[in-house]
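So the sequence lines, in the order shown, correspond to chains A and B.
Counting from 1, one number per residue, gives the positions in the first sequence under our numbering.
Counting from 1, one number per residue, gives the positions in the second sequence under our numbering.
Careful, some of the hints might be misleading.
Derived EDC-like pairs: lysine to aspartate or glutamate, alpha-carbon spacing no greater than 16 angstroms straight-line [as the list claims (entries may be wrong)]: (1) B/Lys37 <-> A/Glu105; (2) B/Lys71 <-> B/Glu42; (3) B/Lys5 <-> B/Asp24; (4) A/Lys9 <-> B/Glu42.
Taking beta-carbon pairs under 8 angstroms as the criterion, some of the chain B residues facing chain A (in silico) [what the hints assert, rightly or not]: (5) Ala41; (6) Glu42; (7) Phe46; (8) Gln98; (9) Phe101; (10) Gly102.
Label pairs and their computed distance ranges (CB to CB) [what the hints assert, rightly or not]: (11) B/Thr26 <-> A/Phe12: 34 to 44 angstroms; (12) A/Asp38 <-> B/His76: 27 to 37 angstroms; (13) B/Phe46 <-> A/Gln41: 16 to 26 angstroms; (14) A/Tyr10 <-> B/Ile53: 34 to 44 angstroms; (15) A/Phe12 <-> B/Lys54: 42 to 52 angstroms.
These aren't lab readings, by the way, just hints derived from the structure by calculation.
Glycine residues also receive a C-beta, built at the ideal position from the N, C-alpha and C atoms.
The lines below spell out each chain.
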Amino acid sequence: DGGITQSPKYLFRKEGQNVTLSCEQNLNHDAMYWYRQDPGQGLRLIYYSQIVNDFQKGDIAEGYSVSREKKESFPLTVTSAQKNPTAFYLCASSHWVEVAGGLGEQFFGPGTRLTVL
Amino acid sequence: DQQVKQNSPSLSVQEGRISILNCDYTNSMFDYFLWYKKYPAEGPTFLISISSIKDKNEDGRFTVFLNKSAKHLSLHIVPSQPGDSAVYFCAASGAGNQFYFGTGTSLTVIP
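Chain A extracted, bound-state conformation (with noise of 0.2 angstroms):
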């Protein structure tokens, strides 16, 4: 059955070391999404992705990169340039529409929990 998963759902990371966190999903969605949640604040668009090895910058993304070779895959990599990276980060995907208003809910994984010690 179709879906949108992530893993690890647990990660530990030391300071000074990149990460990197797993999306795939197999519902054929254009789009792609990579958030991060923080205590008592709404989830803030990190990266997103339109089509394959196409990709734009969303308001917090100084510190992670991303790639989209696939369809599929949208690995999100958290790197020492992060300043806090210690948060609840969600993949998400849809259909991409060209007009306001379509469908364009997004479709969300588990999640992955990266603590940095």
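Could you slot chain B onto chain A? The hints should help.
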């Protein structure tokens, strides 16, 4: 700068009563709005949406109302059930597919 705001971080309601969750936005270009429900340690799940051409959308126990002049939307859940206890996020988008999320309201339905 928060473009979508949910000013009530929490709400408690008795089972069977109506739950009303509120959301305000500042960007007049937003024309598509969604509500998501989130349980702890899980990703949000889509609940209901509304386009700016409507002022109401209903799906079972869930109704979303949009007041464009006030830049305000609300989610009504009636009757409320204990299983509705979760964090509810509103989200908005304009041209393009970037969504802006509110900070969430934690709903507790008391049996």
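Of all the hints numbered above, which does this structure not satisfy? Sort the numbers upward. Hint 2 contradicted; others consistent.
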